[in-house]
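4 protein chains.
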Amino acid sequence: MDFELVKSFLEKSSSGVSSEDIDSMPFRFFEPMIMSGLKVDLIERGRVLCSMKVPPRLLNVGNSLHGGATAALVDVVGSSVIMTMDSVTTTGVSVEINVSYLDAAFVGDEIEIEAKALRVGKAVAVVSVEFRKKKTGKIIAQGRHTKYLAVSSKL
Amino acid sequence: MDFELVKSFLEKSSSGVSSEDIDSMPFRFFEPMIMSGLKVDLIERGRVLCSMKVPPRLLNVGNSLHGGATAALVDVVGSSVIMTMDSVTTTGVSVEINVSYLDAAFVGDEIEIEAKALRVGKAVAVVSVEFRKKKTGKIIAQGRHTKYLAVSSKL
Amino acid sequence: MDFELVKSFLEKSSSGVSSEDIDSMPFRFFEPMIMSGLKVDLIERGRVLCSMKVPPRLLNVGNSLHGGATAALVDVVGSSVIMTMDSVTTTGVSVEINVSYLDAAFVGDEIEIEAKALRVGKAVAVVSVEFRKKKTGKIIAQGRHTKYLAVSSKL
Amino acid sequence: MDFELVKSFLEKSSSGVSSEDIDSMPFRFFEPMIMSGLKVDLIERGRVLCSMKVPPRLLNVGNSLHGGATAALVDVVGSSVIMTMDSVTTTGVSVEINVSYLDAAFVGDEIEIEAKALRVGKAVAVVSVEFRKKKTGKIIAQGRHTKYLAVSSKL
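Chains as they are written, first to last, in full-length UniProt numbering: chain A, 1 to 155; chain B, 1 to 155; chain C, 1 to 155; chain D, 1 to 155.
Just so you know, the hints here were simulated from the structure itself, not pulled from any lab data.
Keep in mind that the hints are not guaranteed to be accurate.
No copy labels: a pair is met if it fits in one copy or bridges any two.
[Unchecked claim] Under the rule of at most 30 Å between Cα atoms (straight-line distance), these lysine-lysine pairs were calculated in the DSS-like manner: (1) Lys133 - Lys122; (2) Lys39 - Lys53; (3) Lys12 - Lys53; (4) Lys116 - Lys135; (5) Lys116 - Lys134; (6) Lys116 - Lys53; (7) Lys133 - Lys116; (8) Lys53 - Lys134; (9) Lys116 - Lys138; (10) Lys116 - Lys39; (11) Lys7 - Lys122; (12) Lys53 - Lys133; (13) Lys134 - Lys7; (14) Lys53 - Lys122; (15) Lys138 - Lys53; (16) Lys122 - Lys135; (17) Lys133 - Lys7.
The task is simple: from the sequences and hints, build the whole structure.
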């Protein structure tokens with residue numbers, strides 16, 4: 001194995017955007033970059049349903065939705081569902097995130113993202129997040145997100 | 001709970017970059033956006049050590065490294081370590097990613113990311129990825145990444 | 001901290017059964033020990049629903065269903081759902097198991113365990129397993145189980 | 001697929017021990033059943049090293065250490081390492097357990113189990129647990145265990 005290949009894979013910046021432009025991007029650009037285009041279809045206590053069209057910017061080298069972007073969406077959409085519970089005043093800090101990848105979603109595919117609160121206690125919240133193809137209902141990914149809510153006290 | 005708050009949290013785009021600019025970003029912009037600034041410090045068979053300075057663009061609302069960005073780095077740095085094994089010709093497709101978050105890393109903090117191959121078989125590879133503060137060695141996050149390698153055949 | 005306490009916690013054998021009796025237990029006693037009392041309520045393609053009454057032998061020191069027993073049930077009930085898919089001739093080998101614990105189940109509580117196939121491909125299968133209280137529907141635990149199916153070839 | 005096969009797999013009790021004998025086993029028999037034979041080799045602050053010889057009773061149908069037993073050992077050995085930190089008075093309740101399975105361990109194989117505290121805070125503890133073959137150092141399994149410690153207050 002040519003270690004130079006590994007190095008160039010990790011230090012690449014071939015995106016049509018210069019690394020200077022990337023390095024000067026604003027504070028907290030990560031969330032807008034992930035979430036732009038996300039639409040909320042339904043909010044109820046303990047459940048949020050969103051949809052989005054897979055955008056070109058979130059593709060991986062295989063031209064399907066990047067697994068890292070999927071994990072980031074588990075984080076943010078999972079956190080939002082905690083806000084729907086009337087007992088909470090914070091979405092807390094992340095303790096653990098896990099995602100299983102089940103199918104590929106390609107550019108332009110309409111996907112829906114459903115987050116459900118499995119438990120929202122005083123200190124610990126656990127939510128599930130499922131990604132499906134809107135047309136077929138086929139599951140693309142399923143994850144869980146654990147958060148610690150009592151952040152004013154020490155984790 | 002005001003559901004409008006949840007909706008505005010999910011559909012926000014307040015980043016100093018217009019949603020038009022985000023929507024017109026190039027194919028596969030996600031990886032450069034995550035990885036710009038990543039330096040490879042060491043590559044050996046089954047092990048990759050990188051470092052980076054936490055950049056403003058990857059912060060969350062608490063101004064620490066976004067958990068979704070951490071998960072995305074588990075994906076890409078974890079995949080790179082598979083490339084260091086002489087038996088493989090692909091980094092495969094993701095089956096599962098999980099991350100535990102242990103401490104916050106703030107803007108400018110030097111962090112190191114160490115990926116180790118736990119197993120690279122003919123079909124399934126599992127790697128661990130640990131994030132530490134460079135100065136103190138304190139663990140920020142630890143995750144695992146499972147990939148399916150025999151992608152020419154059907155998953 | 002008294003390290004002797006830790007040692008005695010790990011090397012204890014106070015169960016009313018002598019360690020000689022435990023050590024002479026038959027091959028593969030683990031599964032019957034976990035599964036005795038499990039009833040199958042429904043089997044369909046991609047879905048298995050079971051129920052059981054939490055038995056005294058599977059309790060932890062807090063007198064609720066042991067998390068390790070729950071994880072073992074994710075394994076076996078999760079594997080069984082793979083057998084309901086007509087394309088498979090094996091339940092494969094475990095690649096990953098994860099479980100979130102959401103509520104306690106006490107001795108005599110009727111619980112139901114629902115396993116669903118999220119994906120059963122030629123090589124990789126992923127199932128979800130959910131534990132609920134039968135009376136209230138409240139979720140006790142939720143997990144996922146990833147298996148590699150093509151075990152005749154090399155993992 | 002013959003659903004009767006699935007049913008008999010789940011409701012089987014062929015272990016040389018009658019289901020009556022299993023059903024009359026004492027309270028909390030699960031832990032001694034899993035842990036009998038476990039030896040503590042080293043305890044220090046934040047780290048516990050144990051060893052055991054894979055016993056016949058903990059085998060799966062493939063005659064290797066059962067994945068459910070491995071997960072249960074992640075739970076108990078992972079919990080024990082929390083007891084080595086001087087700040088804690090409880091090992092808390094389980095929030096999440098995950099395990100990746102990397103290699104098979106057969107009856108009589110000497111294995112070592114190393115648990116390390118990744119973080120033990122006031123409320124949340126996360127530990128890693130690694131299983132290795134004693135002779136070769138080869139990793140059999142690696143997992144993480146998250147616990148909530150402030151159990152006197154409400155989870």
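Hint by hint, here is what the structure shows:
no.: 1; hint: Lys133 - Lys122; in the structure: between (34 Å within a copy, 21 Å between copies)
no.: 2; hint: Lys39 - Lys53; in the structure: within (9 Å within a copy, 33 Å between copies)
no.: 3; hint: Lys12 - Lys53; in the structure: both (27 Å within a copy, 16 Å between copies)
no.: 4; hint: Lys116 - Lys135; in the structure: both (21 Å within a copy, 21 Å between copies)
no.: 5; hint: Lys116 - Lys134; in the structure: both (18 Å within a copy, 20 Å between copies)
no.: 6; hint: Lys116 - Lys53; in the structure: both (21 Å within a copy, 27 Å between copies)
no.: 7; hint: Lys133 - Lys116; in the structure: both (17 Å within a copy, 18 Å between copies)
no.: 8; hint: Lys53 - Lys134; in the structure: within (10 Å within a copy, 38 Å between copies)
no.: 9; hint: Lys116 - Lys138; in the structure: both (18 Å within a copy, 13 Å between copies)
no.: 10; hint: Lys116 - Lys39; in the structure: both (17 Å within a copy, 28 Å between copies)
no.: 11; hint: Lys7 - Lys122; in the structure: between (45 Å within a copy, 23 Å between copies)
no.: 12; hint: Lys53 - Lys133; in the structure: within (10 Å within a copy, 37 Å between copies)
no.: 13; hint: Lys134 - Lys7; in the structure: between (38 Å within a copy, 20 Å between copies)
no.: 14; hint: Lys53 - Lys122; in the structure: between (35 Å within a copy, 29 Å between copies)
no.: 15; hint: Lys138 - Lys53; in the structure: within (15 Å within a copy, 34 Å between copies)
no.: 16; hint: Lys122 - Lys135; in the structure: between (38 Å within a copy, 24 Å between copies)
no.: 17; hint: Lys133 - Lys7; in the structure: between (35 Å within a copy, 22 Å between copies)
Going down the numbered hints, you'll see the structure goes against none, and every one checks out.
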